[in-house]
Structures are given as structure tokens and as C-alpha cells.
Amino acid sequence: MSAVPTELASWRHPPWLREFAVEEGHAWIFVLKSLLAFYLAAWLTMVFQLEQPATTMITVAIVMHPQSGTVLAKSFYRALGTCTGSLFGVLLMAAFPQQRELFLLSMSIWVALCAGGAVLYRNFTSYGFVLAGYTAFIVVLPAIDHPTAVFDSAVARVSEVMLGIIVSGLVSDVVLPMRLRDLLRRISREHYQHFIDFARGSLGGAIPRADMEKAHLRFVRAAVQIEDLRSSVIFEDPEVRARSSRMQLLNLRYMAAATSFQSLHHLINRLQRSNHPRTAAALIKLYAPIGEALSPAPTEKPIPRLLATRLEACEAKLPALAAELREDLRQDPNLLLEFDSGTTLVRRFAAELRDFTSLEASLRETQGVAGGSVERVDFKRANDYASPLIAIVRTFFTMATLSIFWIETGWTFGLSALLLATVFSGLLATSPSPLVATANTWVAYAVGLVAAYFVVFELMPGSDGFVMLILVTAPLLALGPYLTTRNATLPGVGAGYSLGFAYILALKNPMVYAPERFLNDSIAALFGLMMSGAAFMIIPTVIGTQWLRRRQLVQLRRQVVFAATAPMDGILYRFESVNRDLYQQIVQFTRPGSEESRVLFAWALAVHDGGRAVIELRQDMLHEGLPPPVRESMQHAVNALADLYDAPDSVRWTAADSAVDQAITLTTQTLPQARASCQPALADLLQLRTALRDDESALAPYIVKTAEIAHAP
Amino acid sequence: MPREIALADALVPGLLLIYLGCLLVLWLIDTIIGRYGLYRYVWHPSLFRVAVFFLLFGAAGLLLYP
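Top line first, the protein sequences correspond to chains A and B.
Anchor point for the first sequence: position 407 equals 407 in this note's numbering, and the numbering is continuous, going up by one each time.
In this note's numbering, each number is its position in the second sequence, counted from 1, plus 1000.
Simulated from the structure, these hints should not be mistaken for laboratory data.
Hints are supplied without guarantee of correctness; some may be wrong.
Unchecked claim - Cβ-Cβ distance ranges computed for the label pairs, FRET-style:
#1 Leu1016(B) - Thr148(A): 20 to 30 angstroms
#2 Leu1016(B) - Arg200(A): 34 to 44 angstroms
#3 Val599(A) - Ala1051(B): 54 to 64 angstroms
#4 Leu1016(B) - Ser244(A): 28 to 38 angstroms
#5 Ala1051(B) - Gly25(A): 20 to 30 angstroms
Unchecked claim - For the chain B half of the interface with chain A, some residues (derived, Cβ under 7 angstroms), not all of them:
#6 Leu1028
#7 Thr1031
#8 Gly1034
Just so you know, even glycine gets a beta-carbon here, dropped at the ideal spot from N, CA and C.
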């Protein structure tokens, strides 16, 4: 009986309708906020008697974004970019007041460098670079024919841009704010829950490879996404800012635990495949207490603090259980070695999981900042210098061509074309499909022009006063922000429309009506936009291409070289974060399920596994009790591994395998004399050997079979 | 306080410097409040922040330029 009314209710208010309503509500709130920011900015510019309210409005059009944290972050970098850009513009004008060739050449180089910076850096730092180029241009633009006025022009432009930034930041922060912080909290809790569930559910140690791939992708996405959000939420919320280093540490522990978990799973899998089911079963038994610790009774609430205490209790039980299981395997020393390396992994994983949950617990329990400081860690990004270089060359040629064209033809409105080319060659350089984006923006820009034409020449002459101005411009202006909220399906359309509209509206006080300027400006702007699109055709972007993906895969492989050679200070976080950033960058453009994605995943696992073990080994090598010859042989093994991952082939594989083997033999021989120092290092070496000889890993094609047979039990 | 101050021979309004100074003070207050988690006693943190800034800037401006 009870089912019928709920069905009726869901029929009357179907979930899709509610979802639609919520989405539309958010969109319209954003539209209202944008309009408020637009008119407040225009009004203030007129009150302060600045020359061009249009510059302020264009700024607002570029800066407004549906979420508040991003506006503040954007504004911060935008303010930096504006100051740098205007300073450079003034300097350039002072240096070459009479030589337009040299001036335009330097300007092209500056804009090109800014576009390169925009590609090199991620998030909102990238924005700052685009704007440094654009402001340098906009500052000198009105003064280009009378250099003496450049200072006044610069002051006026910077004031207008800053006013736009302040107003839009204020409006989006104060009026019905949408908090990124809530999103960050929700997402990080979701990922936490997912990871705990995953660690609990994989008791049997048998996860199909496809599931593992999916899980790995999710772990990677989680780490990168949380870092992205954190870096913009710190601008929004002082509480998050104060807890920022703790959140970074949490992310590190998350990544470290995920890597250990994968290594462990990998080891068990391999043991099962290579006819050591007893060792595998023993390891699964050893893992069982962790699974139990993660599944408290349903009466208790599974808060992180509870899990952390349970994990701590379970950790104490592990050594005894390990010794007991070890007794059963005593007859075969080879199995025993594998089991020992597995034990180290299980204990490492338990310790990391305990650290992770207890930090999560302390983050959830405390308001503000808990006392005590934490280790400072930094999320490193993986940069490739090829795509910024290409962006620099492309932008330079666009700007140089347009400048030459302008000088040779004496075209009065050439500057408008240059300005638009500056803005969009920077903005679109980061896009993986710049041609489609340019086409979208171009069409939207043209529509914005037409709409603004209609408003300026049909409606505005009949209006009077600020209220009338709002009434005549608002309906068509509102389209821009609304389209911006549809950015996922219509990329670039909202921004193009708003920019075109604000640019042609060109509010002035008193208003100037000049149809010929409208025509000339529109043609120039559309021409400039088309030129930046043409540049993308001639020098295509490398982002997302096969070529760049291959390069990045090599870079991913060399992460093991990094792990083997970099200074030990803070190496773990750099290794883990760069790995994830790279994987995330490549996986965006690979088709799921394809051969390429399979190879990528195999390499990612091999690098995680091998690199982590190398780092652990290097850490254990720092132990003072280690006899020098043993340490030397370990160092030799580390170097051989670095060589192998640098450029894998079967000769290097053999060298690495024999180096690791030798180190293992030597360590086992010295084990009775120096147990404390040799035991942990031995486990790492064994793990390295396991990773090397794994016939399902990415290194499989280079494995020389005879070696395997010679050492097989 | 002079109405205009010469910074590297460019005349800058004194109010601008006060504005920047007030931003700095606001940032300090904001950090302290955030550090001790006191924003949970405030209904609308960002409105509160704006109000504090207006108070600071208004007071400083009116006191220094009577």
C-alpha cells in the first residue's frame, strides 16, 4: 500500500524536474548577480568620472563565474596580472615612443611569453598570464598615437580594471554566495568513504583488472581534484586557509596509502598466478584484521576517529599474526621471503591507513585550527615544456603578422584586431580543441555584436537616465551570463557573447553614437579572432595529441629515475603528486578500453610500484647499521633500476634483475649479523624483484625468460 | 596627512595608500578569526568582512582627513 503514494509523489514531482529546477535556479541566481555586478560597476565608474565604463564592464564579463571561490581566486591573479601588464605597457611606451616596429616587436614577444605562461601553469595562475598580456595592450592602445598621454591612460585603465575586479568579487562573495568549500568538503568525504569501502571490500585480494583500473583512475582523480579545489578555496575561506597544510598532508597520506594498497594487491595477485597460493592465502589472512577494523558493528557510527582507534588496535596484533602464519610456511625459504615482503607491505599499509584516518578525524573534529604544526608538503605538477613553447611561437607569429599587416595597410582599426587576437590566443591556447572553441566564440561574438547594435542604435537613443539604461540593456545582456552557466555543453559561447556585447555597447558618459565606429570595430574584432583561429590551424596545438601523450608516458616512466636519484627531502610527495598529475593529464585524452589506455595503466602501476619501493629502499639504506658492501650493492641495484626505467630493453632488464638479485643474496647473507638494518631493506628489495619479474606488468616484453627459470623455486 | 603623495615622482592619492593599508589590516583580522574558527558565530561571514572593511576604511579616512 505504501508504495502507491510514493510513486504518485514521484510522478507529480519527478526527480528530473526537481534537478532541472535546482539547476535553473542556480543559473538565474548567477544571471542576477552578474547583472548586478555589471550595473554597479558601470555606475561606480561614472560616479568616479573615469573615461570608459566599457573597460570595467568587459572586466566584469571576463571575471564573473558561477562559483564564488573561483571569482576571488581569479581576481587575485587578475590583479597581479593587471599590475604587471600595465607596468610593462608603460615601460615599453617609454622605451620606444617613436619606433613602432620595435615597439610592436617587443609587444608581440611579451604577449607570446604571456601565452606560454598561461599554458605552463594550471588553474587561475594561467588566467593571470593571459591578463598580463592583455592589459599591457589595453593600456597603450588609446595612447599609441600620442605617447605623452600614456601615463594618464595607464592610470585610467588600471583603475577601471581594478574597479571591475573589486565589484565582481564583492558581489559574488556577498550576494547569495555559492560556496566551493561545501563542494570541497562533500567531495573529500566521498573519496574518503570510497577508499575505505574499497579497502574493506577487497578482502579476498582478487579484484578484476578492469575494476582495479577504474579504482586507480578514481584515486588519481580524487587526489588531483581535491588539490585543485583546495588551491582555490583558500582564497574564499580563512578557515580553510588556516587548515590548508593539513589538507595537503591528508592528500599525501591518501596517495601513499593508495599506492601501498595497490602494491599489496599486485603482490597477492602475482603469488596466486605463479603457483604460490599458500603464500597468497597467508597474506590474505594477514590482511583480514585490517578489513575487520574497517567494518565496525552497525550500531556504532563509522566516524574516522573510531576507525583510527580500531586500526591502531589491529596494528598491534599484526606482528603476532604474521609470526604465526610464518610458522606454517617454514619449510620453503623462498616462499618465506615472499611472505616477509608481503608482511612489510601489509604493515606499511595499516600504518598509512591509520595515519590517514586519524588525520581525517582531526580535520573533522576541530573547528578552526588545532594546535601544533604539521609537516609542510607541496603538490607538484608535471609540466611539459613542448606545449608552452609551441604556444609562444604561435602567438608571436600571430601578433607579428597582424602588426605587419597593420603597419603596411595603415588600417585605422588594426589595433582592435590586435587586441582581440591577444586575448583569445592566450585564452584558447590551453584548450585541447581550439578550432572548435574559436568557431563557437566567433559565432557568439558576432551574435553579441548584433544584439549590442540593436540595443545601442534602436533602444538607447530613446532612453534617459540610469534606470532606463538598465531597462533597455538588461534583457539582452542577461543572455551572456546565462550562456556561461551552460559552459559544459556550449564551451566559449557565454564568454564570447558577453565580451562582444560589452565591447560594442562601449558605454560612455555622455554616450557617443557612432555607427561607423561600430562597423569598423566589429569587422576588426572578428578579423582578429579569425586570425587567432587561423594560427591554430597553421601551428596546431599539441595538447591531447598522440605525440604529447607519448612524451608524457616517457616522463611518467622516468619518475622512477627521479625516485632513484632526487634528493630525499620531501621526495615522496613530489613523486606521488607528479605521478598522479601526469596520469590525469594523459588519461583525459585516451579512449577508455583502448589498447593505449591498457598500456598506460600498466605503466602507471609499474611506476607506482617500482618507484615507491625504490624510495622506501633508499630510506632504509640511510640506516647506520648497514654494512658498506651491502649498501653498495643496494645502490648498484637502485642505479640499474633507474637505467631500466629510463630506456627499457632486455639487456637493461637483465642487468637490473641481476643487480637486485645480488643485493638480495648479499643482504640475506648478512641478515644474521645485522637484522635491524637489513630486514626492512630486504623486504623492499624483494618487492622490487617481484615488480621486475611480474609477467603481467608493463615490463613484461623485456623479461628474459632464462633468468626466471634459473631462479624459480 | 597630505592629499597626494609623490611615489617615484608620480602623484598618488593618499586615500589609496590608506585603502591598501586597510586591506592589509583586514587580511590580518580575517586570518586571526579564521585561525580560531570564530566565523561560526557570524551569520554571514563575507558580509561581516565587508562591514569590517567599511568601518576600518571609514574611520581611517575620516580621522586622517577631517
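Structure-based check of each hint:
no.	hint	verdict
1	Leu1016(B) - Thr148(A): 20 to 30 angstroms	holds, 23 angstroms
2	Leu1016(B) - Arg200(A): 34 to 44 angstroms	violated, 59 angstroms
3	Val599(A) - Ala1051(B): 54 to 64 angstroms	holds, 58 angstroms
4	Leu1016(B) - Ser244(A): 28 to 38 angstroms	holds, 30 angstroms
5	Ala1051(B) - Gly25(A): 20 to 30 angstroms	holds, 27 angstroms
6	Leu1028	violated, 11 angstroms
7	Thr1031	holds, 6 angstroms
8	Gly1034	holds, 2 angstroms
Comparing the model with each earlier hint shows violations of hints 2, 6; every other hint is respected.
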